Amino acid sequence: MSKPGLPVPAYADTPLRRRVLKVIRSRPTLRGAAILLGVMVLLAVLAPFIAPQNPYDLATLNMMDNRLPPGAAAMSGATYWLGTDAQGRDMISAILYGLRTSLLVGLLSTGGAMLIGITAGLFAAQIGGAVDAIIMRIVDFMLGFPSILVALVLLASVGRGIDKVILAIIVVQWAQYARLMRASALVERRKEYIEAAVNFGLPTRHIMLAHLLPNSVGAVLVVSTISVASAITLEATLSFLGVGVPVTQPSLGLLIANGFEYLLSGEYWIAVFPGIALVLLIMSLNFVGDRLRRSFNVRASS
Amino acid sequence: MTSYFLQRLIQSIAVLLAVSVVVFFAVYGIGDPIELLVPPQASAAERLALIKRLGLDQPVWSQYFTFLGNALSGNLGTSFVHGVPVVSLILGRLPATLELVLLSMITATVVSVPLGLYAGLNPDSRPSRIIMAGTVIGFSLPSFWKGMMLVLLFSVWLGWLPTAGRGETVTALGMQTSLFTLDGLKHLILPTLNLAIPNTVLMVRLIAAGAAEATTQDYVKFARAKGISRRRIVRRHILRTILIPVVTVVGIEFGSLVAFSTITETVFSWPGMGKLLIDSIYQLDRPVVVAYVMLTTLLFVGVNLLVDVLYAALDPRVKLSGGMT
Amino acid sequence: MTGLLDIRGLRTVFHTPEGAWAAVDGVDLTIRRGEVLCLVGESGSGKSVTGFSTVRLIDPPGEIVEGEILFDGKDLRQASDEELRALRGNRIAMVFQDPLSTLNPVLTIGEQMAEAITAHRRCTKAQITEESVRALARVGIPSPEVRLRQYPHEFSGGMRQRVAIAIALLNSPDLIIADEPTTALDVTIQSQILYEVQTLARETGTAILWITHDLAIVAELADRVAVMYAGQIVESGAVDDVLDRPCHPYTLGLLKSSTGTVRPGERLHQIDGNAPRIDARPSGCPFRTRCDRVVPLCSETYPLRQENGDRAFRCHNPVPAAPATSGEVLP
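As they're listed, the protein sequences go chains S, B and F.
All residue numbers for the first sequence refer to UniProt numbering, where the first residue is 1 and numbers rise by one.
All residue numbers for the second sequence refer to UniProt numbering, where the first residue is 1 and numbers rise by one.
All residue numbers for the third sequence refer to UniProt numbering, where the first residue is 1 and numbers rise by one.
Don't read these hints as lab results, they were simulated from the structure.
Since this is a predicted model, take the numbers as computed values, not measurements.
Glycine is no exception: its CB is placed at the ideal position from the N, C-alpha and C atoms.
Fair warning: there could be bad hints in the mix.
To be verified - Some residues of chain B that are not near chain F, with every Cβ distance over 12 Å (derived): (1) 47; (2) 81; (3) 106; (4) 177.
Stated by the list, open to error - To spell it out: a stretch of chain B is covered by chain F in this simulated footprint if at least three of its residues, at any positions, have a beta carbon under 8 Å from a beta carbon of chain F; those stretches are: (5) 236–248; (6) 310–317.
Produce the entire structure from the sequences given, and follow the hints as far as they go.
Structure below.
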């Protein structure tokens with residue numbers, strides 16, 4: 001029989017309660033990813049101050065030191081903890097500078113794609129009609145093709161270079177932001193305060209910039225973390241395929257590509273270590289982004 | 001039904017036309033078309049003859065229609081490097097790519113359905129958490145680096161599998177294939193695995209999310225209230241519902257598999273279309289690049305049409321006459 | 001007193017990060033063979049959770065933590081998963097609230113009926129079709145042979161609920177638990193379905209636990225009624241008895257707020273306040289904050305169950321006999 005009138009017991013020992021606590025305690029993964037990301041960004045920013053050598057300055061490189069395994073001693077007596085590449089570059093220095101290039105390309109291209117995508121999405125949602133139809137047809141068209149293929153063909157016709165890679169990534173990424181921005185702006189537009197602002201006779205430009213934009217840009221910002229990761233992956237892939245950044249300023253992807261030919265002879269470190277740095281960078285971005293997206297409940301596309 | 005196909009056909013043609021315009025202006029509009037289309041080693045007289053023959057002295061719009069007309073008759077130009085019509089050059093490489101893509105697709109499906117279902121139905125179990133963490137790692141690994149690590153591990157260090165190439169092939173159904181020789185299969189394992197991993201990861205996440213959502217649906221609870229066994233609920237009620245988005249994604253991902261095969265083919269020196277594309281980009285063999293884009297677009301459009309038909313067949317709520325009811 | 005179903009001290013809680021909250025908080029309920037028992041209460045009172053707890057269809061974060069569910073003398077809380085599966089849809093069938101979501105949209109009606117049969121007995125294909133056709137015809141669905149091959153989206157809401165009822169009837173269950181099955185339907189269809197269910201229950205001798213918030217349905221359908229408030233049964237008994245002479249102020253309030261008692265020109269009576277959230281329940285009698293008959297004792301202890309034959313209620317200051325509503329209750 002039940003005991004009426006007693007307070008509801010808490011059932012502290014049921015497996016379910018423990019499960020809930022476990023989920024809360026599982027957050028350290030997220031914290032770990034965020035810390036790792038912070039450290040990598042810091043390393044990239046501080047690369048010129050902490051790198052043992054400047055890998056872009058060919059004069060400081062010693063060709064006698066080329067393709068040394070990790071832990072080998074340099075001609076100068078220093079130790080190459082991660083070995084050297086075919087030009088005799090210290091891998092640690094090359095990775096730190098490569099991280100810098102990869103992050104730079106990832107952030108700039110994502111920023112550019114967001115700027116264009118948000119603008120296009122906002123206009124499509126606000127103006128509607130033919131403008132909306134045309135913008136969205138272009139968006140559908142762009143999203144219909146795999147981004148790697150579009151960027152590859154684009155770079156094949158304009159040539160390699162950091163600016164061109166950034167441009168190519170912007171071209172393939174803006175459309176997803178436009179779609180997301182339009183969707184969330186359309187939801188926002190139906191809300192009463194916007195209707196009130198319209199009835200009040202406020203100018204369209206003011207409504208778009210002061211009300212619509214700040215209140216609907218959240219979803220786009222949440223997704224942008226994952227987009228930085230995919231921009232970095234895309235840059236690395238394009239550089240690996242030989243249409244990305246120039247050889248004089250190698251990103252992580254190009255370092256890996258340079259190591260590819262030595263891989264088969266067992267000189268693994270030239271390709272493996274930059275790859276680990278790249279994967280850690282992408283993974284920490286993805287972990288943080290995935291968690292952000294889930295806690296804000298944003299669907300990546302459509 | 002017929003009107004739906006007609007509508008879709010018109011859409012497909014519109015996409016192809018749009019691509020032809022974009023590609024035409026990408027190649028003819030940016031930079032000097034003569035420099036792009038005439039082999040650099042050609043002499044002055046050859047240049048003039050080529051300019052005349054290619055119609056490069058005509059206005060842009062008339063050049064576009066010439067290009068379009070030629071394309072419609074299956075002529076997308078001649079490769080500078082190989083000296084053969086690019087269409088037949090690319091089609092010759094198609095079987096190797098399709099073999100890789102289809103095998104990867106099957107592998108991804110076979111692996112991801114049980115894993116995704118398990119993770120979706122037991123979201124809090126330890127294996128599920130390992131599977132889901134594995135998917136984050138899986139889509140964080142860049143395809144080219146993953147391929148290189150597979151080579152390093154299985155070929156260089158363990159020496160179990162070959163590093164590159166297609167191995168011994170036999171002719172089946174008029175196409176060269178690696179599927180029926182032991183050597184060919186050995187060569188297929190690593191590239192297939194490399195190409196299959198991103199799709200497996202995507203499908204595991206999709207199926208897990210779908211299964212988790214389906215279990216909360218009233219019709220699943222109703223099926224339980226009817227006394228239907230868990231096995232049958234999973235197989236008929238949950239899997240059947242998830243199948244619809246999965247088929248759509250598999251179709252969409254077919255395109256990205258073809259695209260990603262360029263990377264995998266480069267890493268494993270697999271003589272498919274993707275490798276041809278990369279080689280042609282290096283060798284400035286523009287007609288091949290143009291033709292590759294046109295032909296893959298045709299392939300994507302065809303596959304999309306097929307997916308729509310399958311989708312309609314799987315979901316009784318969809319009428320082919322015009323979308324969802 | 002034993003019946004087909006005897007629920008004793010049932011307590012079902014929902015776990016949240018802040019703790020466990022009882023949606024069903026010590027419910028006693030008896031259903032006899034062949035009778036229609038209406039479980040009535042506001043939304044959030046725990047009546048649906050009681051219904052689902054009966055066949056243990058409670059998913060995390062919900063959990064049945066106390067009580068006995070005796071069905072035909074066997075405690076279902078001790079039953080194995082397979083025993084439960086064999087029971088569900090066979091001896092205890094259910095009908096859900098929303099007919100639009102209870103049928104799987106991608107399977108034909110025929111398949112969804114057939115699986116309900118084959119889950120419990122071996123049958124030939126012809127037998128399955130025959131039984132399914134008969135079940136559909138019985139709930140008033142025209143041309144059942146054709147309908148078997150169709151998908152749920154080809155049926156209206158009312159028709160889908162008839163299909164769900166037909167599925168519930170397939171294995172001639174001893175008990176059907178119906179969770180507000182007519183709430184989502186319009187009034188004409190509701191009364192048709194009520195009439196049919198009543199007839200079918202009488203013909204087949206199936207007992208029904210009908211969960212509703214609508215006293216008009218109770219008056220029309222029930223043999224007995226149990227009134228639920230804040231996870232507990234505050235009053236129960238034969239339907240005429242309870243509706244004519246409510247003992248609990250909450251039952252009286254429900255009766256007054258039901259349109260059936262309002263004369264032209266009279267104001268609609270409303271129960272003050274809203275039903276409390278299960279996690280913000282006052283101590284003592286949970287109804288005292290909304291009650292107009294509150295006495296000091298109400299804030300101290302929860303009133304014990306007072307039984308008088310089939311009649312039971314839990315109130316420190318029950319409504320005196322022969323209240324104003326007597327004699328003119330409901331259509």
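Status of the hints after comparison with the structure:
1. At the 12 Å boundary, the C-beta of residue 47 (chain B) stays outside the reach of chain F, the nearest C-beta of that chain being 63 Å off.
2. Separation of residue 81 (chain B) from chain F is adequate, the least Cβ-Cβ distance of about 52 Å exceeding the 12 Å criterion.
3. The Cβ of residue 106 (chain B) lies farther than 12 Å from every Cβ of chain F, with a closest approach of about 24 Å, so its non-interface assignment holds.
4. At roughly 36 Å, the least C-beta separation between residue 177 (chain B) and chain F is larger than 12 Å, which holds for a residue marked as non-interface.
5. Counting residues of the stretch 236–248 of chain B whose CB falls under 8 Å from any CB of chain F gives 5; the rule of at least 3 is met.
6. Here the stretch 310–317 of chain B counts 4 residues with a CB under 8 Å from a CB of chain F, which clears the bar of 3, and the coverage holds.
Hint compliance for this structure: no hint is broken.
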